[in-house]
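J.: Here's the letter readout for the chains.
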Amino acid sequence: MKELTFETLIAVFDEMFGASLFWALVAIAGAVTLAYIYVLIRDRHISWSKFLLAQLSMPFGAVGAVLFLQAITHSQFSDIGGPIDVIVLLGVAAVGAVGMAILVYTVDALFFRKSSAAR
Amino acid sequence: MLNRRRFLGLSAACGATLTFKSTIANAKVNSLNTKAKIIIIGAGAAGAALANRLLRRLTGAKITVIDPRKRHLYQPGLSLVAAGLAGPDYVISKTTDWLPSGVTLLDEAVAEVDPLTKTVTTQKGQTLSYDYLVVAPGLVLDHDAIEGFSLDMVGKNGIGALYAGPEYAAKTWEAAQKFTETGGTGIFTRPATEMKCAGAPLKHTFLIDDIARRAGNSSKMNMIYAANNNSLFGVPIVAEKVRMLFGERGIESVYSHVLKSIDAGKKRAVFDTPDGQKEMDYDYLHVIPPQRAPEFVRQSGLSWEERWTDQGWVEVDQYTLRHRRFGSIFAVGDVAGVPKGKTAASVKWQVPVVEDHLVASIAGKEGTQAYNGYTSCPMITRIGQAMLVEFDYKNDLVPSFPGIIAPLEELWISWLMKTVALKPTYNAMLRGQA
Chain W
1 MKELTFETLI AVFDEMFGAS LFWALVAIAG AVTLAYIYVL IRDRHISWSK
51 FLLAQLSMPF GAVGAVLFLQ AITHSQFSDI GGPIDVIVLL GVAAVGAVGM
101 AILVYTVDAL FFRKSSAAR
Chain B
1 MLNRRRFLGL SAACGATLTF KSTIANAKVN SLNTKAKIII IGAGAAGAAL
51 ANRLLRRLTG AKITVIDPRK RHLYQPGLSL VAAGLAGPDY VISKTTDWLP
101 SGVTLLDEAV AEVDPLTKTV TTQKGQTLSY DYLVVAPGLV LDHDAIEGFS
151 LDMVGKNGIG ALYAGPEYAA KTWEAAQKFT ETGGTGIFTR PATEMKCAGA
201 PLKHTFLIDD IARRAGNSSK MNMIYAANNN SLFGVPIVAE KVRMLFGERG
251 IESVYSHVLK SIDAGKKRAV FDTPDGQKEM DYDYLHVIPP QRAPEFVRQS
301 GLSWEERWTD QGWVEVDQYT LRHRRFGSIF AVGDVAGVPK GKTAASVKWQ
351 VPVVEDHLVA SIAGKEGTQA YNGYTSCPMI TRIGQAMLVE FDYKNDLVPS
401 FPGIIAPLEE LWISWLMKTV ALKPTYNAML RGQA
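Respectively, the protein sequence lines represent chains W and B. Letter by letter, the first sequence follows residues 1 to 119 in this note's numbering. Letter by letter, the second sequence follows residues 1 to 434 in this note's numbering.
Only chain W is shown next, with the shape it has when bound in the complex (with noise of 0.2 Å):
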């Protein structure tokens, strides 16, 4: 690499989605970030119901993520070479496992059971 700044990042992504579809999906995530601490907020509190349901589909996120980046890339498990692939392999399955739980929690907490969630 010749030079790695956040623009060349962007520019690289932007390449590997297609602009609007990347743009959309930052649109996506941002919004969902900004549901998740919205809600925080609103309630005041975590709820551990809304919690526990999103821990539980962490395992789900974590696997989904990693079948899905083998499934586009021709990879399986008996590639990892070295440590640095691990590291990848964990780096993928914890952003996959957040990534769900932030969701799965927001979701809850915005469209379902909002009487517990206002208190």
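Calculated from the structure, these hints are not laboratory results. It is possible that part of the hints are untrue.
[As the list claims (entries may be wrong)] Short derived list, chain B residues pointing at chain W, Cβ under 7 Å: (1) E108; (2) A111; (3) L411; (4) Q433.
[Said to hold, decoys possible] Okay, the calculated bits of chain W under chain B, using three or more residues with CB under 8 Å as the criterion: (5) 58-67; (6) 78-87; (7) 92-102.
Quick caveat, the model's predicted, so the values are computed rather than measured. All C-beta atoms, glycine included, are put in the ideal place defined by N, C-alpha and C.
Here the structure of chain W is known, so what remains is to put chain B in place on it, guided by the hints.
T.: Relative to the frame of chain W, chain B by itself:
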């Protein structure tokens, strides 16, 4: 009290501030006012990337790109097409997709450059004058140099030639796939000339071996890699690693074997070797022809006179890429007569150097950047793994991620880079953004 509307309003304000800041940052790029006439011959990786970058650095310059090719090819993808991992469309886009609106595209072939009168003449007879000329037409695959071979043979009777373009790469996979199923002797060649991506013949060998192995046919395969000289790769430390991997996989190597001719009917190849000509029978043969500069480069007197005399690469300083005899001419990409660097990664490193020296020259100054011979090769060793090999003129390894991504280890992350990140990075480079 925070309600939903107020929260959204605050968020929008933050977003607007960020956008505003980034707009200011973009406007800060220095732009030089000039009336200079710049001609870029070639709209490939080097030509397109340079056109985009120059347009950003210069205001008022007249930039003309000359290239008759309607299609732009993402050539790093050809190895994947020839292994059935991507379709031919993966590498094809339009030349016009990558050129900014501020440059003029002349879709004609160049017939001659006159460096004394500073003019370029096209094959249709148009003559254009220039203040600065960038020669970036790529190279020519000399298929006729292999006796008995023609491109219409590719895909049939066990003959592959993935360099010849996306359609031929797909046909190469047809022949190679059959070979991985039926088995036999596979011979993988490379030419004795300079060539683009010297890792590609090795990648093809590794991939076809891996695909046969996965199909459970490794016992039927007799894989032979025919090196053109006494080494498997130009960088000694990488050559040794490849030799070890070949040993593990049971891939045999023969050295100083240069493909001379083929008899497609008998499935027999003839090689020039130090001990004279040698015949070898094959069931699959991968042909990579000798590679040379386009004819107009040699006819116009731009080539090295004492080096690469059979190939005709442009005589440039290897650090500035400026012509050694004609100061207003630069060469970049495959056609440049430098010891290394016929890859897209080299182009990524070369283009900013040419940009620097060209813009400095217009401003009456000297450029400061130097090209150190950087080349990168994500050396695929099997489906799902690659070695991220990066090196320079000195044959030193120059890893981008030292201590994190080991250059001589077969890694999944290097494969992910090749299959996921490389094409977007390449496209961003074409737009002058990476």
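J.: All the hints need checking, so say for each whether the structure fits it.
T.: Outcome of the hint check:
1. E108: violated (29 Å)
2. A111: Because about 35 Å separates B:A111 from the closest Cβ in chain W, which is outside the 7 Å limit, the hint is violated.
3. L411: This interface hint holds because 4 Å falls under the 7 Å limit.
4. Q433: Where the cut-off is 7 Å and the nearest Cβ of chain W is about 4 Å from B:Q433, the hint holds.
5. 58-67: Three-residue rule not met by the segment 58-67 of chain W, so violated; n is 0.
6. 78-87: With 7 residues closer than 8 Å to chain B, the segment 78-87 of chain W meets the three-residue bar; holds.
7. 92-102: violated (count 0)
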